[in-house]
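Novice: From first to last, the protein sequence lines are chains A and B. Going letter by letter, the first sequence gives residues 1 to 240 in the working numbering. Going letter by letter, the second sequence gives residues 241 to 448 in the working numbering.
You may find that some hints are simply not true.
Restricting the straight-line Cα-Cα distance to at most 20 Å, the calculated cross-link-like pairs of lysine-lysine (PhoX-like) are [unchecked claim]:
hint: 1; chain 1: B; residue 1: Lys397; chain 2: B; residue 2: Lys407
hint: 2; chain 1: A; residue 1: Lys2; chain 2: A; residue 2: Lys233
hint: 3; chain 1: B; residue 1: Lys325; chain 2: A; residue 2: Lys2
hint: 4; chain 1: A; residue 1: Lys209; chain 2: B; residue 2: Lys407
Computed list of chain A residues with no C-beta within reach of chain B, every gap over 12 Å [what the hints assert, rightly or not]:
hint: 5; residue: Asn98
hint: 6; residue: Leu152
hint: 7; residue: Lys176
hint: 8; residue: Gly180
hint: 9; residue: Ala183
In short, the hints are calculated from the structure, not lab data. This structure is a prediction, so every number in the text was calculated from the model and none was measured. Glycine included, every Cβ here is placed at the ideal spot set by N, Cα and C.
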Amino acid sequence: MKRQIPLMLVLTLGIIYFFVPLVSTPWVVDNLQHEVFEKWLKIIGVFAVIMSVASLWRRNAVKIKRKSGDYAYSYLELIGMVLMAALAIIAPKWNIGNGMVLGGIAGNSVYNWIFMNMQVPMQATMFSMLAFYIASAAYRSFRARNIEATLLLITAAIVMIGRVPLGENIYQFMLKLNGGEAAAFQWSRMFDFQGITQFILDVPNAATKRAIGFGVAMGMLATSLKIIFGIEKSWLGGTE
Amino acid sequence: MINIIQTTIGAILTLSIFSFLYKDNPLYRIAEHLLIGISVGYIIGQQYHMGFMNYVITPIFREGQLVYLIPSFIGLMYLGFFSQKTSWLIRFPIAISLGIGAGYGIPYTFQASIFIQLRETLTVFSEPGITGFGIFSGVLFLLGVFTAIVYFFFSWKHRGVVGIVAKVGIYFLMIGFGASFGLTVMGRISLLIGRFLFLFKDWLHIIS
Chain A
1 MKRQIPLMLV LTLGIIYFFV PLVSTPWVVD NLQHEVFEKW LKIIGVFAVI
51 MSVASLWRRN AVKIKRKSGD YAYSYLELIG MVLMAALAII APKWNIGNGM
101 VLGGIAGNSV YNWIFMNMQV PMQATMFSML AFYIASAAYR SFRARNIEAT
151 LLLITAAIVM IGRVPLGENI YQFMLKLNGG EAAAFQWSRM FDFQGITQFI
201 LDVPNAATKR AIGFGVAMGM LATSLKIIFG IEKSWLGGTE
Chain B
241 MINIIQTTIG AILTLSIFSF LYKDNPLYRI AEHLLIGISV GYIIGQQYHM
291 GFMNYVITPI FREGQLVYLI PSFIGLMYLG FFSQKTSWLI RFPIAISLGI
341 GAGYGIPYTF QASIFIQLRE TLTVFSEPGI TGFGIFSGVL FLLGVFTAIV
391 YFFFSWKHRG VVGIVAKVGI YFLMIGFGAS FGLTVMGRIS LLIGRFLFLF
441 KDWLHIIS
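Take the sequences, apply the hints, and build the full model.
Specialist: Following this line, the structure appears as structure tokens:
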């Protein structure tokens, strides 16, 4: 029962909702699409967030209780979480000077101030650090061992040069050597990194992305069908 | 004054995270855990005001739309996760979300990711006033899509003509991956430049 009813629910709702985009009568659009699909799923999603937050809380609380590993850092996680939640939900909207308010999530709230001045810089730094690791990995692994690797290497180099002013400067220098725009044979075009980059992005890159996109779409369709017809059951978890 | 405080806090946190480039250290761990906590707190605030208040509290308690008690009750089943006896209850909200999502997703994926993309692929030559270079690009584009798809088609062994076509597909894929790699690197580099500009321009005022 604990497994059969959810599987039946998936099958029934999956079949009903397969027809929803195809049958666009006012009743279907109003009730099944606008009401259930757009609002009900959002409400269910809100409780999923509550579960996730409670789960994170429990994980940190257990770590602190057992004093296991680096449990001191768990305090920081909980403090950040509680502080932001309290500022957004409980704190009164008092004016605290400089046009800022204590509570709420408005643009001039402390909640938003912490987001802009703590979360955004930290997140941007985390992502920017990847530049070092990507460069280091590329330096160690990029070798023109065969045609495929060479193509990848050359394309990456052209795209990188084409995205910075250096690419344009090289082209302008070569254009001058070539005798300017009026020259009969424009060999300098070979150094138009920006133009070549745009061509690579518009043609071979877009073509491969489209082919991969078809594959992804087929995979999504197959997975959806497997879930609806109960072939894929891993989401049930456990065996009971 | 507040500007100095906020840039200093941002700079200290930025430097704390950059310190990981040397090695894992307490400063980095502090910033890392603070980031997780603040991010989760931010999501709680957003979900409370945009989700919980807008879709649960206001419609049910202020507008009297009791029908929303049904999805709220289904959502509450998620909380069964915290007891071993009731953990099976979370299968119901997952089943409802998954069933609706999977069913709705099939025609939508067909329409958005297959039919429209196929139409756009097959009509590359239909642009008005297409030039010779445009035709060349169109042919190359079609060749790229076709050969890359053949490479991913495993029902036939990649031998003979199929093998040659798949090989061309690999070349296209490598060019595509190279371009994606180049773009990713440049994206990260521009973020890095942004962080250095923040440190040296906004915080230290060393560069103008």
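Novice: Hint by hint, note whether the structure agrees.
Specialist: The hints, checked one at a time:
1. Among the hinted pairs, Lys397/B with Lys407/B is consistent with the structure: their alpha-carbon atoms are about 12 Å apart, no more than 20 Å.
2. With a CA separation close to 13 Å, the supplied pair Lys2/A and Lys233/A stays within the 20 Å bound.
3. A distance of roughly 12 Å separates the Cα atoms of Lys325/B and Lys2/A; the hinted pair therefore holds under the 20 Å criterion.
4. Annotation: proposed proximity of Lys209/A to Lys407/B holds, straight-line Cα distance about 17 Å (limit 20 Å).
5. Distance check on Asn98/A: its Cβ comes as close as 5 Å (rounded) to a Cβ of chain B, failing to clear the 12 Å threshold; non-interface status is violated.
6. A beta-carbon of chain B is positioned within 12 Å of the beta-carbon of Leu152/A; the least distance is around 4 Å.
7. Distance to chain B confirms Lys176/A as a non-interface residue, since its nearest Cβ pair spans about 25 Å, more than 12 Å.
8. Remark: the non-interface label on Gly180/A is consistent with the geometry, its nearest Cβ contact in chain B lying 22 Å away (cut-off 12 Å).
9. In this structure Ala183/A is separated from chain B by more than 12 Å, as the shortest Cβ-Cβ distance comes to about 19 Å.
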